[in-house]
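Chemist: Listed here are the chains, written in short residue letters.
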Amino acid sequence: MSSRRTGAGPTLNFKAVLLGEGCVGKTSLVLRYMEDKFNTQHLSTLQASFVTKKVTLPDEQRAQLNIWDTAGQERFHALGPIYYRGSDGALLVYDITDQDSFQKVKSWVRELKQMRGSEIALIIVGNKTDLEDQRAISYETALRYAQTVGAQYVETSAKENEGVNELFELLTQLMVEHYGSKQQSDTNALRLQNSRLAPNAGAISISDDAEADQENGHAAAAHRSCCGI
Amino acid sequence: MANRAPMLRIGQQDLKCRQGCGFYGNTQFDGLCSKCFRERNDKQRKKQRASEDHEALYTGASSAGGTMEHKSPQHSLSLGRAKPKKQPEKEQPHNETPTASSTMPRKKFTVPAVLQKTLKNKLAVPQQPRVPSATEKQFMLQLRQLRIPDDAKRKLKSEIQRLDHEIRKYMNNNSTKNVDELSDLVQNAYTRVADIVHNDQRFEIATNEDRDSAIDFFEKVVMTQNHNLLFSPYFTTDEESDIKVQKRIRQLSWITAKHLDCSIDEVNAEARDLVYNAISELVGIDSYYSPQEKLLCTVRCCRHIFELLKRSTGGPASADDFLPALIFVVLKANPVRLHSNLNFVNRFTNASRVMSGEGGYYFTNLCSAIAFIENLNGESLSIGAEEFDALMSGEQTYSTPWESALLACESLHLISENMKCMEQLQKRNSVIATGIKDFERELIEFQREVTEKVDTVMAKAPLTLLPIKTPPFLISQARAHLSQDGVEAVAGHYQTNLLSGGLGQHQLSAKSKEKELATHEDSHLEAAHTLALKDTSIGSVGRLSPLHQNLPQPDQLFASPIFNYTPFDAVSLLEESSENGDVLMLGSEFQGGLTNINYDFDLSDQSGENSVADESKLNLDEFDPLVQQRQQIASTVPNSAAELSLLDTTTDSLIDCDVPLAGALLPSPLKPEVANYRGFSNFDIPSISCNTGDFSSLNQDVNDPGVPAPSNK
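Note that the protein sequences, when read in sequence, are chains A and B.
Take the first sequence: its position 97, counted from the start at 1, is 97 in the numbering used here, and no numbers get skipped.
So the numbering used here is basically just the index in the second sequence, starting at one, shifted up by 1000.
Check each hint, because a few of them may be wrong.
To be verified - With a Cα cut of at most 30 Å, we get these calculated DSSO-like pairs of lysine-lysine:
id : chain 1 : residue 1 : chain 2 : residue 2
1  : A       : LYS54     : B       : LYS1137
2  : A       : LYS54     : A       : LYS182
3  : B       : LYS1244   : B       : LYS1047
4  : B       : LYS1169   : B       : LYS1137
5  : B       : LYS1016   : A       : LYS53
6  : A       : LYS53     : A       : LYS182
7  : B       : LYS1043   : A       : LYS159
8  : B       : LYS1169   : B       : LYS1043
9  : A       : LYS159    : A       : LYS106
Since the hints were derived computationally from the structure, they do not count as laboratory data.
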């Protein structure tokens, strides 16, 4: 939706939410991802519920990734819409050793499809592959399910740091794709703002600014991650 | 809990007067202290007056017209830029005044140059307070500090004014307002500004950071200046929601960290401090004007919570820990105008801000915390629905060490307060009690005194009534008269007797006696006198009077003061007098009697014997033992005097039956005398002086038994 700061800005802003039952490893995934990239991020030592990350896209475009953790307890389930409102992607995490958590993911998918339709990039994440011997949901089952709902399927192990980076790269890529397609088919924008963005938010202007901002970008990135913006 | 928050929720600086005089300001006074506010008001009034005058002057002087800013030398460009809020306001009155004052200037030109100069100076002074409100100054400074070209600054300023104007126009528009429309209006403006900042030529050399800060600045200025219009607008239900949430949170005061499964150690002092810090920040959200500041405040609040969680969990906290903790803090803080604040941010901040960034994330969490609180039920706290209902209704109380400690403290405080109150009440009560006792004692004392006095008086002056003895010749005369006269005439005689007896006046009764004699009253006379006596006894002595016992006749009972007075009106007298000559005489005598009623109110005299006493002392001396003695002495006088003189009265006869009345019944020759007296004065007003003169002479006569009745004449 309107998650980009401006269409002409140098950085694209993406927002992704982490959904899933409690204790499936959402936070661990985030922590692992952040930790691996910036070894001593003091920010992450304080909290792991909200992280931002600057990424450079394959086409040299810079983007900022906002990852929002959500509370996984059942009692907070109803609050989901507040979080995934306006998000570009959603990571639906489940524990491969826990059948219930997979069911939960299914319910999340239903909800997201209903609320957001196809404007949101969905990735179903089977976590805890290190506990292969206790696996309750087979890779094939999960993959088949993911394909039926139009989502990607990734298996990771936050503990062993397996597939975490790949997961987030995939997420970024999906969101960029979604963004691009949305820009083209963005005829029924909710706000005038969006429609105003559309004409000058093309790739050309973005890349132009990105070039100009290349030098400042590094300083800015360091600064921003400092205060977590 | 909230009331024990150790930190000030609003900074000292915010409480102080905006003028910086050091006193505390008041939001009602526009953030000024009362003194500065008054001063400013006075200045504004003066300025208004002055500017009206000067409007005329200026428009006249510089026919080119133009706006006020151009005229005022005070308004440098930078200054003017910094007060975008005031601009539209200022322009509106100016648009109107020229038409009103267009006829004025010519007149004003006659004002001497010196005066004009002073007027100009006056104009210059009041211009100043318009410019520098603290926030405006700040904005001015910030605008200067923005690292964008001056052209861009000017453009930014004009955009600020434009949005400002648009918002005001929308708010002043009479048509139905929709907050979403307003929100769209603002959001579109943000987009437009973002577009300008990023694409306009004037911003070309600015860095991205500076562009962002320019956009932020734009938002901040507009939101701060229009906060009062946009925050909880009257056409929304924000306020009701605020109250609802507040009530709800109050109902949920029993919720503890345990209910929410959050790892806040409520008993730990350090943890409590952090909770307090978080609460302070959360409550402080309401004190900021712009959405950015509100968001920053939220971020600070959440950072405290994370600090707290880090201590209790030992590692970076996840959302699983964070959200319950935030809910806990919101519940314990119960911030004011929660919904209004959230809606304000949601509607009027740059949409991207709440969608991303740390502020956005925390804000979203805050929103969901409130949503959770609103939809809370037993299930979400892992307690039974029945228990939840009981706790909500207050039937059941849930206590934890912390809560109960707080509760105990509060209760103790309350107890001590109540004790103090009770003590005070007790004191007052005892004062009242002693007062009552004193009063009671006084009353009893008074009653005793009165009784005593009455008793002594009664003991000193016992009233003994003796049966009336009428001389036999009188009876025969009366019978003869009765056989002659009609009933009316008799009634007239009654009155006479009543009157004379009632007055208890020796003199009067002497007179009346004469009349009676003249009219040959007899048997009725007796009754009349007893009635009269009855009256006096009732009037003066009341129940204490021994007369009650002593008076045997039953016909006394119907005697009443009214009975006495009714026939005394002049008309009836006149009527009576027209009937026969005798009655006429009586009428005049009546009138004399009437005057006597007014004159001698000593009806209180217990008996005819008192009438002998000195007139001047009559009533008051009644209780005076000395007088009593004198009276007693005097009472013996008439007995002897009556024998000697013609002054015998019926009353006397009542009192003392032994007195021979033979001598007293002679005065028929007096009749013409009385008639003469009457003749001297006018008819209606009987000869008071004459009578009194008469009586006084009589009195003397009575007092001096040696003087015989003939002195009457």
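Chemist: All hints are to be evaluated individually against the structure, with a verdict given for each.
Modeler: Taking the hints in turn, this is what the structure says about them:
no., hint, result
1, A:LYS54 with B:LYS1137, "violated (37 Å)"
2, A:LYS54 with A:LYS182, "holds (22 Å)"
3, B:LYS1244 with B:LYS1047, "violated (45 Å)"
4, B:LYS1169 with B:LYS1137, "holds (25 Å)"
5, B:LYS1016 with A:LYS53, "violated (42 Å)"
6, A:LYS53 with A:LYS182, "holds (23 Å)"
7, B:LYS1043 with A:LYS159, "violated (71 Å)"
8, B:LYS1169 with B:LYS1043, "holds (28 Å)"
9, A:LYS159 with A:LYS106, "holds (24 Å)"
Hint compliance for this structure: hints 1, 3, 5 and 7 are not met, and every other hint is.
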